[in-house]
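Can you build the whole structure from these sequences, using the hints too?
In order, the protein sequences belong to chains A and B.
Okay, so the first sequence: first residue is 612 according to the working numbering, each after it adds one.
Okay, so the second sequence: first residue is 612 according to the working numbering, each after it adds one.
Please note: incorrect hints may appear among the correct ones.
With the Cβ distance kept under 7 Å, some of the chain B side facing chain A (calculated, not the full set) [stated by the list, open to error]:
1. 699
2. 701
3. 786
4. 788
5. 857
The set of hints was computed from the structure by calculation and includes no laboratory data.
We put the CB at the ideal spot given by N, CA and C, even for glycine.
2 protein chains.
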Amino acid sequence: VLSQPVRIVVDWGSSNFRAFLFSGDGEIIARHAASAGILSVKDGAFEAVLRREIGGWLKGSGTEIWLSGMITSRNGWVETPYAACPATLDDLASAALTRRLTDGCRLNFLPGVMMDGATTDVMRGEEIQIFGSVAADESATLVLPGTHSKWASVEKGRIAAFRTFLTGEVYALLTAHSIVGRLMPKERGPFDAAAFAGGVEQALAGGAGLLSDVFTVRSDALLGRLQPEAMADRLSGLVIGHEIAGALATAVKPGYMIIVGEAELAARYQQALAIAGIRSRLAEPERAVEGFRRLMAGA
Amino acid sequence: VLSQPVRIVVDWGSSNFRAFLFSGDGEIIARHAASAGILSVKDGAFEAVLRREIGGWLKGSGTEIWLSGMITSRNGWVETPYAACPATLDDLASAALTRRLTDGCRLNFLPGVMMDGATTDVMRGEEIQIFGSVAADESATLVLPGTHSKWASVEKGRIAAFRTFLTGEVYALLTAHSIVGRLMPKERGPFDAAAFAGGVEQALAGGAGLLSDVFTVRSDALLGRLQPEAMADRLSGLVIGHEIAGALATAVKPGYMIIVGEAELAARYQQALAIAGIRSRLAEPERAVEGFRRLMAGA
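Structure below.
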């Protein structure tokens with residue numbers, strides 16, 4: 612009796628492990644999630660963790676497992692090279708590095724995507740969300756806000772170019788560790804849209820740059836021009852505004868953008884983009900899952 | 612018998628305590644330094660620390676003590692307001708807040724200096740270095756590199772305007788805590804002038820801004836375009852280059868500048884300013900001490 616092929620996708624990042632079991636016609640029939648990111652895996656025991664988390668899904672040969680995220684990085688299980696832009700979802704699938712486990716299960720480690728021209732850039736994982744956010748032949752400009760925010764230009768279903776901004780990480784560092792954060796109250800109040808907008812406008816006005824603008828959050832507070840409770844949102848507006856200004860300085864201003872990310876942060880980006888004169892829509896949730904669904908449909 | 616008046620300056624910062632005893636004709640006749648910054652002072656016991664460190668110099672009434680630095684901040688002994696630009700050394704002296712100790716010693720807490728116009732800025736301590744770096748009636752543009760780098764425009768002996776850049780602090784945070792620093796070797800090698808210059812040039816070329824530029828330090832290393840050993844100096848060049856670009860975006864480019872600071876960092880700034888087409892000279896050491904000497908000569 613021929614058994615059905617088993618198809619699994621594992622989105623294995625630094626902090627989280629998420630797996631999806633697909634039916635023969637490409638629909639998700641089971642999901643599993645755990646706090647079993649690669650940083651928690653001791654001594655490279657990736658196979659043991661895989662079996663602990665989704666061992667019940669594995670059926671030996673005929674089992675195809677696709678892996679994406681930091682599991683394919685230098686600190687992961689198998690390091691994959693980066694696919695060069697422009698890149699399609701098919702390009703990623705065909706560049707996957709395969710390994711066979713002793714019981715016959717086959718692992719397919721997906722590549723990341725790189726820019727390697729006048730400037731360089733890399734991503735590992737976000738490309739799946741990008742492919743899950745646009746129709747197969749669509750052209751669009753997307754932003755994926757976050758610790759390492761990505762701007763991506765998709766042309767007819769290919770990732771043509773992208774750029775990373777350290778926005779979320781710089782915001783977090785300045786808030787937690789810098790002299791600017793020191794005056795901020797420990798308790799975070801409700802979002803202050805006006806303070807946020809003020810930061811965006813200051814950044815877009817093109818003063819003396821981010822290194823100077825962030826200090827004005829402190830001096831404005833010291834001189835009584837800004838309430839301490841409003842400092843964090845002003846700073847948030849400043850860094851997001853500088854991200855937008857930087858992106859627009861090196862590309863044609865898009866008339867319209869898609870924002871892919873968690874709702875609260877996406878809403879901030881929508882407000883900031885509007886101040887910059889760019890209309891946008893928020894992508895549906897679970898764009899990574901949709902990207903994996905498309906990957907499986909093509910695989 | 613009338614005793615000679617005793618004149619003392621205390622430069623009391625977050626980490627360090629430095630005191631200078633002046634003769635009647637305004638020369639320094641004794642110095643004392645200790646790691647007794649205000650962050651180490653428990654329960655506001657500033658007077659006890661002052662007596663522990665320089666109690667032997669104090670002679671009751673007739674003793675004038677001038678205090679500068681973070682000791683005059685909200686977390687210090689007496690918080691002084693900021694003097695507005697343009698400000699002279701005499702303006703600072705005459706705006707000092709005085710307190711008398713029970714034995715008659717008089718304390719004079721110097722103000723900081725502020726900009727409170729279209730944008731705000733503050734400093735507390737650096738102004739003494741600035742006054743110690745220029746002749747009484749000189750006009751000059753100065754930079755004081757450091758954790759919170761200051762650019763100051765002095766017109767005929769007055770601090771006309773200044774601007775703070777969080778350059779050193781952002782560099783330290785990115786190196787110690789960010790994804791960019793994670794690829795850097797723990798051991799710091801010799802200064803890589805070419806990597807540093809590359810960072811300055813990238814910043815001055817005006818790409819997608821600091822938040823994007825710093826990520827290229829990581830991607831260049833991942834793609835083999837930059838040696839891990841060179842990452843820190845490239846990043847240093849990037850943040851200093853962005854400071855210079857930001858300063859020049861909001862002011863007329865000076866033909867010539869004075870760099871006031873510690874020799875190794877000052878040399879980096881001189882290299883970076885040269886790339887930006889600005890000639891510069893390094894100030895003599897101990898400009899704060901010279902500033903205090905001038906303060907005492909006028910007091």
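Handout entry: Hint status (Cβ of residue 701 of chain B to nearest Cβ of chain A, threshold 7 Å)
Key = The hint is violated - residue 701 of chain B has no Cβ within 7 Å of chain A, the shortest such distance being about 23 Å.
Handout entry: Given hint residue 788 of chain B near chain A, where the shortest CB pair must fall under 7 Å
Key = Cβ of residue 788 of chain B sits 6 Å from chain A, so the hint holds.
Exercise for the section: Against chain A, run the beta carbon of residue 699 of chain B and see if the smallest gap drops under 7 Å. Expected result: 21 Å, violated
Practice task
Using 7 Å as the Cβ threshold, decide whether residue 857 of chain B counts as touching chain A.
Solution key: 3 Å, holds
Handout entry: Interface hint compliance - residue 786 of chain B to chain A, C-beta minimum distance less than 7 Å
Key = 11 Å, violated
When the structure is compared with the earlier hints, violations turn up for hints 1, 2 and 3 and for no others.
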